[in-house]
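Enquirer: So the chains spell out like this:
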Amino acid sequence: MTKSASSAPAGGVPVLMKGNEALGEAAIRAGCRAFFGYPITPQSELPAYMARRMPEEDGVFLQAESELAAINMVYGAAGAGVRVMTSSSSPGISLKQEGISYIAGAELPAVIVNIMRGGPGLGSIMPGQSDYFQATKGGGHGDYRLVVYGPATVQELVDLTIRAFNVADRYRSPVMILGDGILGQMMEPVVFPTEKPAEVAKPWATTGRQGTRGRNVVNSLYLAAEELEAHNLRLQAKFAEMHSNEVIYESIIPEGAEVVCVAYGTTARVVKSAIAMARQEGIKVGLIRPISLWPFPDEAFVNLPDTVRSVLTVEMSAGQMVEDVRLALNGRLPVHFYGRMGGMWPIPRDVLAEIKKAAGREAGVAR
Amino acid sequence: MQEVLIAGFGGQGIMSLGQLLTYAGMAEGKQVSWMPSYGPEQRGGAANCSVVLADGEDIGSPIVSEPDAAIVMNAPSLDKFEPAVRQGGFLVVNSSLSGRPAGRSDITVLEIPATELAGEMGNARVAGMIALGALVELTGMVSLQSLVDSLPKVLKAQLVPLNVEALGRGQTLAREGAPARAR
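Note that the protein sequences, when read in sequence, are chains A and B. When we follow this note's numbering, the leftmost residue of the first sequence carries the number 1, and every step to the right adds one. When we follow this note's numbering, the leftmost residue of the second sequence carries the number 1, and every step to the right adds one.
Do not take every clue at face value.
DMTMM-like cross-link-like pairs, simulated, lysine to aspartate or glutamate; straight-line CA separation at most 20 Å [to be verified]:
id, chain 1, residue 1, chain 2, residue 2
1, A, 137, A, 299
2, A, 356, A, 299
3, A, 238, A, 350
4, A, 357, A, 246
5, B, 80, A, 350
6, A, 284, B, 57
7, A, 284, B, 58
8, A, 284, A, 255
9, A, 137, A, 246
Because the hints were derived from the structure by calculation, they are not lab data.
Build out the structure end to end from the sequences listed, making use of the hints.
Expert: Laid out in structure tokens, this is it:
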């Protein structure tokens, strides 16, 4: 194939891009050279971007016949040592769970993007965060974990996508980017790095022996129970290492904070707006924003100031991350929850009302 | 922080207007975000977008629920978003298609028969540009020059001159205080 003229945005300077497209460019700059997907709103701009850009980079874009096919193509490309990505939105990610379990079991690096929409079932095309359980607690069968990132801005989406490829290679493990429809659809200025990704040696990859080495085997099948348990113990040791090394979060706790909010992704931005409104009314409110959703930043909940009376978790779900917040706090503080569902999102004024409730102040102010 | 909402129907160039404002803010070194409504949209259906411009501080919610300034290009948008405008805010109404005058007295309202004026200029699709030219003149959120300079980022080159003219037309109308009730 003839390499066509590059339509890549410039690196090192701010360019205005949609989240979905910026994510695609970030993957390419991270060295992703294979993308397999199937269109679904609200992430379709991402495969469309890859369809245009991959041929320019001598990469492979393939629209598979289904999500199942796409995730198994990811398995194949990852096994051959290629940096590979797939993306979908909630129902499509459910279809990919079998393949994700296989990829985790076979210890292959890959990046999987879920730009969440309202569920359950076919749900709606509007934004959601109701796949948190699926992303952080397993999703597919078997004892495995994914590093899961919940970016809140288009720049962070880019930075975490690049990081995801590096982390996936470091641990030979799939990594998930968990965004939502708002982040995918919105435009913000973003700066792409100019440096090229480091070459990662993959001596385990099934690239053909060429008479120089023994056979490499990529597999998740261990028929002997003893062997499978040994394999699981090795995986668990790896997950423990990921758990201790890969925590990322943002924590802004002002002195005298009465309430600490917990939110991730787009919802955290809405909460930041509400916190600014609260500050104008003289209520001091902190924010813990998990960036790695697994491993969950338990350490952010240690040593909160004595002034904090309660914690308020806000999500676009019926309450999923709130369970991890309660585990992290282990009963030390009351945990309140406010969520919107089905493609609705919280607005700052409503979050402010919940903050006031959590602070034990009268709700309801004149508009 | 300036929170802006632009609303109308699919085909009026609502998304491009918002992007133009976003590019202009970016050119002026502001923090910017643009967020489209993205339901099951179609030409003729409701369309709106949120633009947030900020000096220094990070942008929180990219979806604007209480705009400081809004453009409404048709009747359903006027009904839906007039009540949302923050007290003391600005509202530019396309009176050609709004069906009724705006009723708020605690905000600055500018009613412009934008679709008719655009038709006189030879292309009804520049109606939104007239409204945007008026809004930035009213609010000063970005300079008209920044909008003009950013036009090539959202439009084909051959469309730029007419849109420059439309932005200028809106600016003039806002300066003249426009017919407060053009209908």
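Enquirer: Next step is simple, just say for each hint if it's right about the structure.
Expert: Verification of the hints:
1. This hinted pair checks out: residue 137 of chain A and residue 299 of chain A have alpha carbons roughly 19 Å apart, not beyond 20 Å.
2. Straight-line distance between C-alpha atoms of residue 356 of chain A and residue 299 of chain A comes to about 26 Å, which puts the hinted pair past the 20 Å bound.
3. Distance restraint check for residue 238 of chain A and residue 350 of chain A: the Cα-Cα separation of roughly 42 Å exceeds the 20 Å cut-off, and the hinted pair is therefore not satisfied.
4. For a cut-off of 20 Å, the pair hint linking residue 357 of chain A to residue 246 of chain A is broken: about 34 Å separates their Cα positions.
5. Restraint check for residue 80 of chain B and residue 350 of chain A: the C-alpha separation of about 19 Å stays at or below 20 Å, so the hint holds.
6. With a C-alpha separation of about 18 Å, the suggested pair residue 284 of chain A and residue 57 of chain B falls inside the 20 Å cut-off, and the hint holds.
7. Our distance criterion of 20 Å between C-alpha atoms is met by residue 284 of chain A and residue 58 of chain B, whose separation comes to about 18 Å.
8. Under the criterion of a C-alpha separation no larger than 20 Å, the hint pairing residue 284 of chain A with residue 255 of chain A is consistent with the structure, at around 8 Å.
9. Taken as a hint, the residue 137 of chain A and residue 246 of chain A pair is honoured in the structure, with Cα atoms around 16 Å apart against an allowance of 20 Å.
Violated hints, listed in ascending order, are 2, 3 and 4; each of the other numbered hints is respected by the structure.
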